[in-house]
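*Asks:* Spelled out from the first residue to the last, the chains are:
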Amino acid sequence: MSDKGQTQGLTTEGLTTKIDQGYKYGFVTEIETEQAPRGLNEDIIRLISSKKNEPEWMLEYRLKAYRHWLTMEEPTWANVSYPKIDFNDIVYYSAPKKKAEKQSLDEIDPELLKTFERLGIPLGEQKRISGVAMDVVFDSVSIGTTHQKDLEKVGVIFCSISEAVHNHPELVKKYLSSVVPISDNYYAALNAAVFTDGSFVYIPKGVRCPIDLSTYFRINASETGQFERTLIVADEGSFVNYLEGCTAPQRDENQLHAAVVELIALDDAEIKYSTVQNWYTGDKEGRGGIYNFVTKRGTCKGARSKISWTQVESGSAITWKYPSCILLGEGSQGAFYSVALTHDKMQADTGTKMIHIGKNTRSTIISKGISTGQSRNTYRGQVKIMPSASGARNYSQCDSMLVGDKSNATTVPYIEVKNETAVLEHEATTSRISEDQLFYLKSRGLDTESSISMLVNGFCKDVFKQLPLEFSVEAVKLIEMKLENSVG
Amino acid sequence: MMNLLEIKNLHASVDGKPVLKGLNLSVAPGTVHAIMGPNGAGKSTLSKVIAGHPAYEVTEGSMEFEVNFKMKDLLSLEPDERARDGVFMAFQYPVEVPGVSNETFLRTAFNSISKAQGAEEMNEEQFRKFLQKKMDLVSMDSRFLDRAVNTGFSGGEKKRNEILQMAVLSPRLAILDETDSGLDIDALRIVADGVNKLKSPENAVVLITHYQRLLDYIVPDYVHVLANGRIIETGDKSLALKLEEKGYDWLLQ
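Here the protein sequences line up with chains A and B, keeping their order.
Using this note's numbering, you'd call the opening residue of the first sequence number 1 and step up by one each time.
Using this note's numbering, you'd call the opening residue of the second sequence number 489 and step up by one each time.
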């Protein structure tokens, strides 16, 4: 059957008449903020550090990163294109004005509470989501963390990274930049210099974190970059399920989000990290939207430790990230499960790196890319087996699905094997939602929209089933809503 | 009595090439029709045009279907609308739908048709019970339900799955497009049994087949010969036996 017929099938039917729900998180919160002047120099860094009342070692760390950043070149190797970023035209610190004393969650500015309620995240004591502890980051600062007392009882530390710098300096000093060094890459160096907030998690030995931990990132101020830093340490034999969500208002100009996330799993520890990324994508013509340039990396430091990254990437004008695992400990395991949906003029270059160093290490990669409209969707993944990694195994499966005839999907696998005992399996497919599949479902009474969503959900199933239940329901809805808006 | 399906002077092309060239066919409720004919005669095209495949273009003629005692123009309807009006085609090559469980697929299809026809939708538990009975009809065990639709099914399993869908959706007009091809004798008997049990005075079955073998199990009221895009001969079951014996050449002269 011709592709032409299929495209007609998809474009002329039902979906165009669907109500355009648009991006429902696109509103702006009117709130008094305190902002640093635009631009980046050592004074700005000193200002950020003093606003956060940081110890001297933290300022030194930032300045060192900044000086290194100045020597680096902006990378250009990703399959994305965008106008050159003027790093002196960005505001690096923006925070809601607040009383000098740290507030309890119930004293937060009602405007902020309202904002998060609109985003589906009630913070008030009464309405809090049970079973999930939340740290919420608004522009440059964490405005509060729920369930902290319950977590303290079992020794779990879950707070903003700024608090951790003050209250747990020994842990922060030990682990910060231990996975992603300040010199790692251009955006990681920038993040180290100017990061403003993010979450810190420490799970003590043998503790299974009793509830899921979650951070919600919201960019509100215009012309502001968000540079968050997340550090999760799982001590021996511990377990944590961590979820991350993000949204931003609809604005015509682009905004930069350059985060760094570091995970450390010691002997027999397990970290499951899930993201549903729904930053503003820009409009249909590609105006506005978030540049999401993120470095996420975990080290399976201990024997038999496990780290998994599960991501549903459905937002941002440009996504550029590769959540990775360094498999150091003997018998450690890394996994990457990803659904990346691009629509209109979005661009995504995402994938993973699995670096096998320890013996008998294993990694699994399942990547599902869906491109609609005129979007560009690239999977880029590296599997590296070092000479020491005897008995290493990797399984990779990278599938792309194209909807319509103007979208684009690319798969770029890099495989480097330096130990002969390694076993690698790689599968890759690219498919169009075929006219025959669509006809088959329609001939059983399903309309075009339900047929497409059934096909796409089926396509993504291996990834969705890795998400915690509530998150998976949200992810399915999000993908369906995006498809309704973009397939038409 | 009003016909269920009325096709008049149907012309249809695929990729600009004419395949059906003035086909006429009337199907009354409660009847079984067999359509036979040489390769390339347009048999599969006919079934796809009835179901509404978008790659087939109807250039002339009409096709009407009885809905609530009125003849309705089928050609102006989408495939899903036709299905909701009670048209069903068992595919010659059932399509794989990875990641979607057979049960979810069947329930979604059943509920979308029930809803359109103003009948009760079923929840998971109700549907499971209903489905069990239908599965017994085609001797399928419950392992089928958790597997992805047609994915990794053998040829015979795919064909039985089509009959299961037919049993679940209880269409008023069922077109079986070479459902018998590639089936061994046991599977053929199971499929035929399933079809026979679903026959009723209200619905009709159109069998498209190459072989008279199927007609030993499902006895047709009419046998049509389709050649060069038209029905050139109609008879009763004995016509099928004659075709088996003499081939098609004597009709084409």
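No lab work stands behind these hints, which were simulated from the structure alone.
Keep in mind that a hint or two might mislead.
Cut-off 20 Å, straight-line C-alpha distance, at most; resulting in silico cross-link-like pairs (SDA-like, lysine to any residue) [unchecked claim]:
hint	chain 1	residue 1	chain 2	residue 2
1	A	Lys-205	A	Tyr-186
2	A	Lys-345	A	Gly-155
3	A	Lys-465	B	Phe-618
4	A	Lys-477	B	Gly-587
5	A	Lys-461	B	Lys-603
6	A	Lys-465	B	Lys-687
7	A	Lys-384	A	Lys-345
8	A	Lys-461	B	Thr-722
9	B	Lys-734	B	Lys-687
10	A	Lys-461	B	Lys-734
11	B	Lys-496	B	Thr-722
12	B	Lys-603	A	Lys-465
13	B	Lys-603	A	Ser-450
14	A	Lys-461	B	Ala-636
15	A	Lys-461	B	Asp-674
16	A	Lys-465	B	Lys-734
17	A	Lys-272	A	Glu-470
18	A	Lys-465	B	Glu-591
19	A	Lys-272	A	Ser-472
20	A	Lys-461	B	Gly-587
21	A	Lys-465	B	Ser-589
22	A	Lys-384	A	Thr-364
23	B	Lys-687	B	Lys-603
24	A	Lys-461	B	Thr-592
A partial selection of chain A residues facing chain B, derived with a Cβ cut-off under 7 Å [as the list claims (entries may be wrong)]:
hint	residue
25	Tyr-25
26	Trp-77
27	Gln-382
28	Tyr-440
29	Lys-442
30	Ser-443
31	Lys-461
Beta carbons are placed, not taken as given, at the ideal position from N, Cα and C, and that holds for glycine.
*Asks:* State for each hint whether it applies.
*Replies:* Hints versus structure:
1. The straight-line distance between the Cα atoms of Lys-205/A and Tyr-186/A is roughly 34 Å, outside the 20 Å bound, and the hint therefore fails.
2. Distance restraint check for Lys-345/A and Gly-155/A: the Cα-Cα separation of roughly 46 Å exceeds the 20 Å cut-off, and the hinted pair is therefore not satisfied.
3. With a CA separation close to 27 Å, the supplied pair Lys-465/A and Phe-618/B exceeds the 20 Å bound.
4. Between Lys-477/A and Gly-587/B the CA atoms are separated by roughly 17 Å; this keeps the pair inside 20 Å, and the hint holds.
5. Between Lys-461/A and Lys-603/B the alpha-carbon distance is near 27 Å, which puts this suggested pair outside the 20 Å criterion.
6. The hinted pair formed by Lys-465/A and Lys-687/B fails the criterion: a straight-line CA distance of about 41 Å is larger than 20 Å.
7. Of the supplied pair hints, the one linking Lys-384/A and Lys-345/A is violated, its CA atoms being roughly 32 Å apart against a limit of 20 Å.
8. Taken as a hint, the Lys-461/A and Thr-722/B pair is broken in the structure, with Cα atoms around 49 Å apart against an allowance of 20 Å.
9. Between Lys-734/B and Lys-687/B the CA atoms are separated by roughly 30 Å; this puts the pair beyond 20 Å, and the hint is violated.
10. Annotation: proposed proximity of Lys-461/A to Lys-734/B is violated, straight-line Cα distance about 53 Å (limit 20 Å).
11. A C-alpha spacing of about 16 Å is found between Lys-496/B and Thr-722/B, which places the hinted pair at or below 20 Å, so the restraint holds.
12. Restraint check for Lys-603/B and Lys-465/A: not satisfied, since their Cα atoms lie roughly 29 Å apart, outside the 20 Å limit.
13. With a C-alpha separation of about 14 Å, the suggested pairing of Lys-603/B with Ser-450/A holds against the 20 Å cut-off.
14. Simply put, Lys-461/A and Ala-636/B have alpha-carbon atoms about 11 Å apart, close enough for the 20 Å limit, and the pair holds.
15. Between the alpha carbons of Lys-461/A and Asp-674/B the distance comes to roughly 35 Å, so the proposed pair goes past 20 Å and is violated.
16. Straight-line distance between C-alpha atoms of Lys-465/A and Lys-734/B comes to about 58 Å, which puts the hinted pair past the 20 Å bound.
17. The straight-line distance between the Cα atoms of Lys-272/A and Glu-470/A is roughly 15 Å, inside the 20 Å bound, and the hint therefore holds.
18. Of the pairs offered as hints, the one joining Lys-465/A and Glu-591/B holds, with about 17 Å between alpha carbons and a cut-off of 20 Å not exceeded.
19. For the hint linking Lys-272/A to Ser-472/A, the alpha-carbon distance of about 14 Å falls within 20 Å, and the restraint holds.
20. Using a Cα cut-off of 20 Å, the hinted pair Lys-461/A and Gly-587/B holds, with the two alpha carbons roughly 6 Å apart.
21. Between Lys-465/A and Ser-589/B, the direct Cα distance comes to roughly 13 Å. Compliance with the 20 Å bound is thereby established for this hinted pair.
22. Annotation: proposed proximity of Lys-384/A to Thr-364/A holds, straight-line Cα distance about 13 Å (limit 20 Å).
23. Restraint check for Lys-687/B and Lys-603/B: the C-alpha separation of about 23 Å exceeds 20 Å, so the hint is violated.
24. Taking the CA atoms of Lys-461/A and Thr-592/B, the gap is near 13 Å; set against the 20 Å cutoff, the hint holds.
25. With a least beta-carbon distance of about 28 Å to chain B, the hint placing Tyr-25/A at the interface is violated under the 7 Å criterion.
26. For the restraint placing Trp-77/A at the interface with chain B, the shortest Cβ-Cβ distance is roughly 33 Å, beyond the 7 Å limit, so the hint is violated.
27. At a threshold of 7 Å, the smallest CB-CB gap from Gln-382/A to chain B is about 26 Å, leaving the interface hint violated.
28. This hint holds: Tyr-440/A has a C-beta 4 Å from the nearest C-beta of chain B, less than the 7 Å allowed.
29. For Lys-442/A, the shortest C-beta to C-beta distance to chain B is roughly 4 Å, which falls under 7 Å, so the interface hint holds.
30. Residue-level restraint check for Ser-443/A holds (minimum Cβ-Cβ distance to chain B is 5 Å; threshold 7 Å).
31. For Lys-461/A, the shortest C-beta to C-beta distance to chain B is roughly 4 Å, which falls under 7 Å, so the interface hint holds.
Checked against the numbered hints above, the structure breaks hints 1, 2, 3, 5, 6, 7, 8, 9, 10, 12, 15, 16, 23, 25, 26, 27 and satisfies the rest.
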